[in-house]
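Trainee: Each protein sequence line maps, in turn, to chains A and B.
Using the numbering used here, the first residue of the first sequence is number 1, and each one after it goes up by one.
Using the numbering used here, the first residue of the second sequence is number 1, and each one after it goes up by one.
In case anyone wonders, no lab produced these hints; they're calculated from the structure.
Distance ranges between label pairs, derived from CB positions:
1. Gly12(B) - Thr38(A): 15 to 25 Å
2. His97(A) - Met58(B): 12 to 22 Å
3. Val90(A) - Gly32(B): 34 to 44 Å
4. Ile80(A) - Gly12(B): 22 to 32 Å
5. Ala61(A) - Pro60(B): 33 to 43 Å
6. Gln10(A) - Ala51(B): 34 to 44 Å
Every residue gets a Cβ at the ideal spot worked out from N, C-alpha and C, and that includes glycine.
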Amino acid sequence: MKREVVKGTQMMGIVAAIAGWMVPGLGHLVLRRWSKATVYFLCVGGLALAGLAMRGGVFGADAADLFDRLGFFADLGAGIFYFLAHQIQVAGPDVAHATGDYGTRMFAAAGMLNFLIVLEAYDIGRGGDAK
Amino acid sequence: MNALFGGLTHFGALLFFALVVSLTFAFLSKRGIAERAKYTLWAFLAFLLVAIGIGWLMYPFSQ
Chain A
1 MKREVVKGTQ MMGIVAAIAG WMVPGLGHLV LRRWSKATVY FLCVGGLALA
51 GLAMRGGVFG ADAADLFDRL GFFADLGAGI FYFLAHQIQV AGPDVAHATG
101 DYGTRMFAAA GMLNFLIVLE AYDIGRGGDA K
Chain B
1 MNALFGGLTH FGALLFFALV VSLTFAFLSK RGIAERAKYT LWAFLAFLLV
51 AIGIGWLMYP FSQ
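Okay, chain B solo, but in the shape it has when bound (with noise of 0.2 Å):
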């Protein structure tokens, strides 16, 4: 187990808990194969776009 996660750095957490996360979502909200896949891929994106727009926006803060 430690030898799959243990080494995560913090984006390739952040990758895993979006894919995860919208992988669930998709298949609590959506039907079929096409509807769930689509809606994976668009909250999967959408968690990277806001993660890596909330850390430029608290960069500033960070000097």
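Next comes chain A alone, as it looks inside the complex (with noise of 0.2 Å):
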């Protein structure tokens, strides 16, 4: 099947990786990546989803030392998941549990991986020749 393929700018670039960044899948959508953006949103939302499922801790803004700072950097890259975890995570977290503590770092793993997926809608929007 031939791929559509939509023209490379700068500005399409900004585009895709802020819709991407804010929905993940969402900046390959425009870009009329199809199956990429379907596995994208998949993937980090079921790790987000699993992360918060399982109690795991959100990073505020308000961080208290290098860690936490880097822990909000990381969730930060989840979006909209990021936005909505008090309202989806209803319990509130127990990271005294292992269960809880690795939900942490799945929540913490979905932003990581966001922000790579974001990366490579920017480098395929502005007319790179990525996978």
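Dock chain to chain to rebuild the complex, using the hints, since each chain is given by itself in its own frame.
Mentor: Quick look at the structure:
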């Protein structure tokens, strides 16, 4: 099947990157990369939701030390899942148990994965030869 | 959501994490279904092998 190509510009790259950060996979959807958009949304969304369901902690902007600031930066990458974390996780975090601690790492991993996805969306958007 | 993920065991969480990250890396770095499937499988197995290996290495320190 022939892929529909969106003409790459700097602006298209920035729009795709912002869209991809807000909603994982949306940047690729804008660029008509349907399969990538679906897989990225399901993978990042699944990882973020699993982290919240396991009662993982989400770092806030009021970070006390460098570790917390790095955690905040990683979590922020999950976009809409970060902003809706408190609505989704009604029971609140429970990092006293190992499961909650794993959940914290899963949510941070979702954010970091999405940053990689955003970089790819930016590259495709500006006309780069991404896979 | 809790019904799906809330009851995950630690090993189940490891399997889920390994699968999801492998799949994402495959789509980021490979082109074509066959290459992506092969990369996903290898990365998934490597995640499991390393996690179980590190688990065994740390086992004596838990006693």
